[in-house]
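**Student:** What follows is the residue order along each chain.
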Amino acid sequence: MGKNRSGAPPDGEPPEPRSKHTRREALKSAGVVGALALFERVRLGTMPGHVDAATAGGTRFLRPPGAVNEDEFTRRCIRCHKCGENCPNSCIRFVGPEGPPEARGTPYIVPREKGCILCMECNNGCPSGALRPVAERPPAIWDVVDMGVVELDENICHSYQGYVCGICIRACPLEGVALKAGLWEKPIVDPDYCVGCGLCEQACVHMPQAIRVRPSLRDTGRGAT
Amino acid sequence: MTERVRRYWRRRNRHWPGRGFRLQVARRTLQVGVLVLLVVIPTLSLYDNLRNQRDEVGIEARWDTSLVHQLVEDLDDPSRVTQSVRGSVWTLKVGELVISDPLAVIDFIGAARVIFDHFLITALIPVLASLLLGRVFCGWLCPADLLFELGTKIRGWTGIETDVGFARITKFAILALGLVAGVVLGTQIFAEIYPPRIIGGELYLWITFGVVSAGAWFFLALLAFEIFVSRRFWCRYICPGGALYSLLGRWRILRLTLVAQECTDCTRCNAVCEFGLDPMRGRFGQECNNCGLCVRACAPGALVYRVGLRPRDGRDVLPAAEAQVS
Chain A
33 MGKNRSGAPP DGEPPEPRSK HTRREALKSA GVVGALALFE RVRLGTMPGH VDAATAGGTR
93 FLRPPGAVNE DEFTRRCIRC HKCGENCPNS CIRFVGPEGP PEARGTPYIV PREKGCILCM
153 ECNNGCPSGA LRPVAERPPA IWDVVDMGVV ELDENICHSY QGYVCGICIR ACPLEGVALK
213 AGLWEKPIVD PDYCVGCGLC EQACVHMPQA IRVRPSLRDT GRGAT
Chain B
8 MTERVRRYWR RRNRHWPGRG FRLQVARRTL QVGVLVLLVV IPTLSLYDNL RNQRDEVGIE
68 ARWDTSLVHQ LVEDLDDPSR VTQSVRGSVW TLKVGELVIS DPLAVIDFIG AARVIFDHFL
128 ITALIPVLAS LLLGRVFCGW LCPADLLFEL GTKIRGWTGI ETDVGFARIT KFAILALGLV
188 AGVVLGTQIF AEIYPPRIIG GELYLWITFG VVSAGAWFFL ALLAFEIFVS RRFWCRYICP
248 GGALYSLLGR WRILRLTLVA QECTDCTRCN AVCEFGLDPM RGRFGQECNN CGLCVRACAP
308 GALVYRVGLR PRDGRDVLPA AEAQVS
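Protein chains in written order, with our numbering: chain A, 33 to 257; chain B, 8 to 333.
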């Protein structure tokens, strides 16, 4: 016979079906549950209880289009990464372990590096309703999508400082509606129609960018459901 | 020659390749297939997305030389292949069909505090499969199980005998406590500690962004703990998903059964059982994942698969009358 590799009793004496040391096992198991709870406590940090999850860590994430409001989003997202897999623009990233605990593993966009092209592919893949399906047409886009609103810093914007630029207006997918051209290509933002896709921020030639997306919390206003 | 091979197999506590052996070949093929799929899906998605961006500077060279491109470039519509499957074992999309892990649905209901029927229905297939076949996800599909079984093999090769036992009921407690904690805290507890999701998620992050998250280290620590301290620690005592599948599979129809008069009391089945169950007495309980390792180990062929109801005393022994004697 080969040596008994699995720690079972030798031949003849069948092993006991149930452990005799049930009390000791129960204590050890309680220890494991406690350790796991401690692990979760450390992992989740001081839980804000989701009263104001989006601002608790001082971090706002620019969510993919069609996202429900921030608090509900972090509760609904099952961290399956499907939106990132579906994104043909590869602009969706995921919050790493350094992010706020309730947001870890959730998708976000860094518009300065790559803005959202509003193709709505991410929404189609979301199984848990964290991203709602949105039609890929302008009325639906500005009715439902509320990723954020851009803020323009006129003090550094080329067009406002005497150098005609207008790059951001050309980059805007809702050109003439969300971002209008004023005199000498001065960009004029219409917050009612800007969905916060961030393509203008990506395109801005000024360093640092003169136009920035301020991610929405979707507490009020359009997009709130 | 054949006799030497036979002796080799006998020495390794396995009988000559028969039904039990072919079953293991099928099981390993499935498990490795799932692991390969978890690599293939992010690769296809990465290729597909880069292909969509081929107008951008520098992208073209990257996707043009890829292996996936060599395979699909001659097809009429490559995107039909590259977009056919998305997700991981946590939630998978094949064509229009979406299949989700029941634990993902439970976790979601706890954290979101809503019943979202579109998501709920995606767990239907795994739930039905578990009701009929028992804990088969654990034994036949779970990529973490494959690596944990490799851990058991490493224990055998290196002769590590340390095996700290815990109470099996722990995992049910963790399932319940996690659900309560999820409702109270409004966050998903299981998603980041569930090994199959960790493996799928980390492979995606690694292939797409070249980074891994904290989950990878958690899983490796778990594997090390299983090898050095407690055999199959996670699946036997901790896994909330395993607990859920165990509950669903309690009244499974496909049941491993001991044919009492064939059994020679050699205890090999108990030695190979990954979950430390007691096949020799027909005590498979609700935790058996129908992996069939005991079937392969049983030289006289006393362990068989049976389609039937759960015996009243919970002991799968045939014939029932002799069960009292053995």
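Think of the hints as simulated: they come from the structure by calculation, not from any bench.
Treat the hints with care, as some may be off.
These stretches of chain A come out as covered by chain B in the derived footprint (C-beta under 8 Å, 3 or more residues) [what the hints assert, rightly or not]:
#1 56-65
#2 127-135
#3 158-165
#4 184-194
For the chain B half of the interface with chain A, some residues (derived, Cβ under 7 Å), not all of them [unchecked claim]:
#5 G94
#6 T194
#7 Y211
Even for Gly, the Cβ is constructed at its ideal location relative to N, Cα and C.
**Student:** Test coverage of the stretch 127-135 of chain A by chain B using CB-CB distances below 8 Å; three residues minimum.
**Tutor:** holds (count 4)
**Student:** For the hint on T194(B), does the least C-beta distance to chain A fall short of 7 Å?
**Tutor:** Since chain A brings a Cβ to about 5 Å from T194(B), closer than 7 Å, the hint holds.
**Student:** For the restraint on G94(B), tell me whether the closest CB of chain A is nearer than 7 Å.
**Tutor:** Cβ of G94(B) sits 5 Å from chain A, so the hint holds.
**Student:** Taking 8 Å as the C-beta cutoff, is the stated coverage of the stretch 184-194 of chain A by chain B satisfied by three or more residues?
**Tutor:** violated (count 0)
**Student:** Three residues minimum, CB to CB under 8 Å: does the stretch 56-65 of chain A make the cut for coverage by chain B? Let me know.
**Tutor:** holds (count 6)
**Student:** At a Cβ distance under 8 Å, does chain B reach at least three residues of the stretch 158-165 of chain A?
**Tutor:** With 3 residues close enough to chain B, the hint holds.
**Student:** A closest beta-carbon separation below 7 Å is what the hint needs, so does Y211(B) meet it against chain A?
**Tutor:** This hint holds: Y211(B) lies near chain A, its Cβ roughly 5 Å from the closest one there, short of 7 Å.
Of the numbered hints given earlier, the model fails hint 4 alone.
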